[in-house]
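Keeping their order, the protein sequence lines are chains A, B, C and D.
My numbering applies: residue 85 is where the first sequence begins, and numbers increase by one.
My numbering applies: residue 85 is where the second sequence begins, and numbers increase by one.
My numbering applies: residue 85 is where the third sequence begins, and numbers increase by one.
My numbering applies: residue 85 is where the fourth sequence begins, and numbers increase by one.
Be aware that a few hints might be false.
Pairs count within a copy or across copies, as identical chains cannot be separated in the list.
[Unchecked claim] 27 Å max Cα-Cα, derived DSSO-like pairs, lysine-lysine:
(1) Lys-169 x Lys-315
(2) Lys-319 x Lys-144
(3) Lys-308 x Lys-370
(4) Lys-240 x Lys-385
(5) Lys-308 x Lys-319
(6) Lys-319 x Lys-370
(7) Lys-370 x Lys-315
(8) Lys-294 x Lys-308
(9) Lys-240 x Lys-319
(10) Lys-222 x Lys-169
(11) Lys-240 x Lys-315
(12) Lys-370 x Lys-169
(13) Lys-384 x Lys-183
(14) Lys-112 x Lys-294
(15) Lys-240 x Lys-183
(16) Lys-370 x Lys-240
(17) Lys-183 x Lys-144
(18) Lys-370 x Lys-107
(19) Lys-294 x Lys-370
(20) Lys-385 x Lys-370
(21) Lys-183 x Lys-315
(22) Lys-385 x Lys-222
(23) Lys-294 x Lys-222
(24) Lys-169 x Lys-183
Hints are computed from structural coordinates only; laboratory data are not their basis.
Number of protein chains: 4
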Amino acid sequence: RRRIILDTDTATDDAAAILLAMKAPTIKVEAITIVVGNVEFDQEAKNALYTLQVSGNAHKVPVFLGSSRPLLRPIHGDATYVHGKDGMSNSFFPDPEQKPEEEWAVDAMIRLIEAHPHEITIVAIGALTNVALLLLRKPSIAPLIQGITFMGGTYKFYGNVTPVATYNIWVDPEAAKIVFHSGVPITTVGFDVSVHSSIFTDADYERVAKLGTPLAKFFTEINKVRRVYCKEHQKMNGSNHPDAITTAIVIDPTIAMELLPRYCDVETQGELTRGAMLIDELGTMKQPPNVTVCAAADEKKFKEMMFRALS
Amino acid sequence: RRRIILDTDTATDDAAAILLAMKAPTIKVEAITIVVGNVEFDQEAKNALYTLQVSGNAHKVPVFLGSSRPLLRPIHGDATYVHGKDGMSNSFFPDPEQKPEEEWAVDAMIRLIEAHPHEITIVAIGALTNVALLLLRKPSIAPLIQGITFMGGTYKFYGNVTPVATYNIWVDPEAAKIVFHSGVPITTVGFDVSVHSSIFTDADYERVAKLGTPLAKFFTEINKVRRVYCKEHQKMNGSNHPDAITTAIVIDPTIAMELLPRYCDVETQGELTRGAMLIDELGTMKQPPNVTVCAAADEKKFKEMMFRALS
Amino acid sequence: RRRIILDTDTATDDAAAILLAMKAPTIKVEAITIVVGNVEFDQEAKNALYTLQVSGNAHKVPVFLGSSRPLLRPIHGDATYVHGKDGMSNSFFPDPEQKPEEEWAVDAMIRLIEAHPHEITIVAIGALTNVALLLLRKPSIAPLIQGITFMGGTYKFYGNVTPVATYNIWVDPEAAKIVFHSGVPITTVGFDVSVHSSIFTDADYERVAKLGTPLAKFFTEINKVRRVYCKEHQKMNGSNHPDAITTAIVIDPTIAMELLPRYCDVETQGELTRGAMLIDELGTMKQPPNVTVCAAADEKKFKEMMFRALS
Amino acid sequence: RRRIILDTDTATDDAAAILLAMKAPTIKVEAITIVVGNVEFDQEAKNALYTLQVSGNAHKVPVFLGSSRPLLRPIHGDATYVHGKDGMSNSFFPDPEQKPEEEWAVDAMIRLIEAHPHEITIVAIGALTNVALLLLRKPSIAPLIQGITFMGGTYKFYGNVTPVATYNIWVDPEAAKIVFHSGVPITTVGFDVSVHSSIFTDADYERVAKLGTPLAKFFTEINKVRRVYCKEHQKMNGSNHPDAITTAIVIDPTIAMELLPRYCDVETQGELTRGAMLIDELGTMKQPPNVTVCAAADEKKFKEMMFRALS
Ligand SMILES: [Ca+2]
Ligand SMILES: [Ca+2]
Ligand SMILES: [Ca+2]
Ligand SMILES: [Ca+2]
């Protein structure tokens, strides 16, 4: 089983990713680490812990707190308009039984990576602040990380927070730049893939409803705000699931249908483009590839995995 | 007949655009104006004048010299690696008989627009330096311009000089920003459209060869360097014709198959993104549309127009 | 007599500069050109024309209209809080008899420079928009200009609109950058010099009052608002006169007491530093000098010239 | 006795600062922490340790290793042209007996600050990378830090690495920005102060020579390269001692003769101004002061302290 650390700003779709990861027989979640992003930091931790609990995994995976702010600047307001005030579509679940660990997420990452050299994949489904701090804290750790699979960027498409930037990079562009230049093998799954291959339509939600399980109800519940937002503001025919499909690709690599080795960099400056990920399609930057960009995914396989996880 | 001013940094594909424009029964070319770009400025003027001559139009359209440099910075080296040293695939044609006019291109533009208020479309197939200077020289001219059709940008695609920037904006981003915020109706035809719908494959070149006309020979001759470059460096199956297809859309608007009103802006700063055109697909910038982005074109119609012009 | 073109965004201190220039026996004012800046553009022209009239010079110098906007961006609100709503400390003078010329300021500049090659000094006491357009309009004019004396920058001091930027550059940083890289000999007189050597204290205003002339009254009148502003917001012991001292240095070069050849450039980007002029004191940029920075001036001589002009 | 942590990229002048700090009866050096900067990271640590040893303080103060790279970008080449290849004017001292501690500098800082809340002043005489990581690692530590005294910036003066930037900020502008916005009380001593009040002239070096002590010889030895560099490239009449005078001000606050509360920020972007510290003299940024800028120092007191330390 591949060992993973799931680094997440847990809100709706991160919760779905946790469900997938906990259910997957092929991977072992060594730790969940919380990073600045979607909603208030402590709420993110609660969302992760509650998701573990609701899926019957309370106390099976430790949850560590990482950075509650981006490296350079204060966190932008929040994304509660997308995910609801609690990040769970205003479900306001009770406090989870399990509590976050005392150890700093970055120290836990170092401990785990050193305990399992070359075996751990970081699945980063939030801003890259924790991962950047890991690399700044101990630069020599880089060669011991098996890889980073990151939800972010956009290939032959547009951004979701600005015309060119996607949320997880835009929240902390400096962190993303540090990680992209670290030498660690990186795979990215972009906003484009989530729009093309992860949208749960009304028909999909009906199928979820028919499952009738507590997890199916949980999934439906936590997506009620996002479903509406995606339709009304993002030209989608349902809710997209970027974090879930990114995690699904780690669980079953055959879901990635097109993998492109490319040189990628991040704009940390610019008046309008801060947070844009550049994917050098034509090699104009004359640099060797540092990222494998997933450009297409198997929607059917992803949804089947999702339905199974909710069964 | 629509009146147009063709603003061009004449090299290979600009020459094809001139051929189309001179042959078109629906438009009247009031002036050709030369702008900084592909090759040495005087050579660009010669290329435009020679193209008029070879198509039997010498002395029928005046050619005016505009800006030989971008607004803010010196011109980048040149693009002779794409177009050959003379911008005509190293054809080294003789000097044309017709000479450029004395009048500054921008003064000529003002004179023509004031003579034909609301009737003139500027077809800009080079950097927007001349057009920006027109708007700076006389801001009150803006409402008298019918529109600007501009070859530039990239929609759900990538750039050709950097991962995010396309040549005509990258040469003079400040000029593009001035034009985009001028209030003049703008239509853009991007690099993406040229790649999707304007590529002349070997089969197309064979068809051109069979025409056997002097213009067919001229077209083949001036594209010999670019054909190779596009294949070897830009992942194309032949030579793309952005300037020609942009001009074709002015001649026959039905060639544009998808027209998207969008708010667009230009990044003039940034460490990696200078010259990127932002197309605000999801309305995240909360501005009214100022550009009509052509997102798809009719390849067949375009090529038929091209073949007719070379007959 | 040296020929000058006085390029001005005429408000209070520009008016004082016009008075000095018109009174000076050593220089001949060939033209006054109006540029975007302190107050509404037409008001600036009126202020220049009224100042000519009040000093008995109506119809003796033509006034031309240049650019009513910076090159790249719309003009910032305005500086009426410094100069009063009319730019003349709310004096609301009657409309002047003389009207602006029809010819574009930049065309007039070209005509004059070509008529008097190597003889004309441009005294730029506003943003450099007109001068930049001159250089863009006709790059070959550069070697025919004797020099540019520009009020702007700050040497071993701070800025007046931001911690590092001074007004005339900050209004149009792109224009300044174009001019600084044009090869034309440039002399700058900075905000620092105006604070160190041009402040009219209450005692100086008393001396002006004692002159009892119409010009003395005019000077006092137009400085009422600025006197207060400078004291309350700019840590000065009276009103500074940057435009007047810059012009005085052109009239009597011995007023400049320290002249430093330096490489200078302008920051057009930056989050906080846009509009800063860099003066490369230690040669860290490894470029030859392109600007002569006036670092100290003779306060006594300047004030005597001012008092004489108001007599 | 005030407790300090001395954060240093130990080369010539940092060594002098260590000598001052170890000799001062008013302060207790709890730790020396090493940060990226002047020379190769391990060499910096050796320089600090050797300086402790030569001054008879081996094993009396622990030395911790912090960050060997700036937050965002790789370290610029190095500053060996200023300080010699070893950072000690090519003295190539033997390896020190004492070795760096195992604990990460940032963890040590946290431990010490929590052990002595509100008592520890960080004297930062290198880039602010370690201090920024401290604040990112544990944001809640900020209110427990007594203050940060930082060598950096330039007031009414110029920069030493670019016309506007000084070395310690320029090495890691993002780190400086994080620290400046942390809420911790900051005092800065700039390049200007070092030039105005810390220059050791030939006469001063003669006086040092006459002391005849091992430390006097050590001081002379390690400054041989810098003495020449400062004269030849920085328009000084000897070697300046920014780190030493900054530390002297912590030891004897009466050395600071002018202290200005100001709002300060750092330019992390910009084409030419990256690394500039903005000091908002006129309050144009409309923010409350976050820094106390030392604008003048008592040269005589500083030098006497220095001579005493070398005796
Ligand atoms: Ca997420
Ligand atoms: Ca072209
Ligand atoms: Ca002025
Ligand atoms: Ca240092």
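Structure-based check of each hint:
1. Lys-169 x Lys-315: within (19 Å within a copy, 50 Å between copies)
2. Lys-319 x Lys-144: neither (39 Å within a copy, 49 Å between copies)
3. Lys-308 x Lys-370: So Lys-308 and Lys-370 pass the 27 Å test across copies only (25 Å; inside, 45 Å).
4. Lys-240 x Lys-385: Both: 23 Å inside a chain and 25 Å across chains, each within 27 Å.
5. Lys-308 x Lys-319: within (17 Å within a copy, 43 Å between copies)
6. Lys-319 x Lys-370: between (35 Å within a copy, 15 Å between copies)
7. Lys-370 x Lys-315: Between copies, since 17 Å is at most 27 Å while 39 Å is not.
8. Lys-294 x Lys-308: This pair counts as within: shortest intra-copy Cα distance 17 Å, inter-copy 62 Å.
9. Lys-240 x Lys-319: both (16 Å within a copy, 15 Å between copies)
10. Lys-222 x Lys-169: Answer is between; shortest inter-copy Cα gap is 26 Å, intra-copy 35 Å.
11. Lys-240 x Lys-315: Both: 21 Å inside a copy, 20 Å across copies.
12. Lys-370 x Lys-169: So Lys-370 and Lys-169 pass the 27 Å test across copies only (23 Å; inside, 45 Å).
13. Lys-384 x Lys-183: Neither way: Lys-384 and Lys-183 sit 36 Å apart in one copy and 59 Å across, limit 27 Å.
14. Lys-112 x Lys-294: neither (29 Å within a copy, 65 Å between copies)
15. Lys-240 x Lys-183: neither (41 Å within a copy, 44 Å between copies)
16. Lys-370 x Lys-240: For Lys-370 and Lys-240, both the intra-copy (20 Å) and inter-copy (22 Å) Cα distances are at most 27 Å.
17. Lys-183 x Lys-144: Within one copy only: 12 Å inside a chain, 41 Å across chains, cut-off 27 Å.
18. Lys-370 x Lys-107: neither (42 Å within a copy, 41 Å between copies)
19. Lys-294 x Lys-370: neither (52 Å within a copy, 39 Å between copies)
20. Lys-385 x Lys-370: Neither way: Lys-385 and Lys-370 sit 36 Å apart in one copy and 37 Å across, limit 27 Å.
21. Lys-183 x Lys-315: Neither. Shortest intra-copy (35 Å) and inter-copy (58 Å) distances fail the 27 Å Cα cut-off.
22. Lys-385 x Lys-222: neither (38 Å within a copy, 42 Å between copies)
23. Lys-294 x Lys-222: Answer is neither; intra-copy 48 Å and inter-copy 47 Å both fail.
24. Lys-169 x Lys-183: Close inside one copy (21 Å), not across copies (52 Å); limit 27 Å.
Of the numbered hints given earlier, the model fails hints 2, 13, 14, 15, 18, 19, 20, 21, 22, 23; all others are met.
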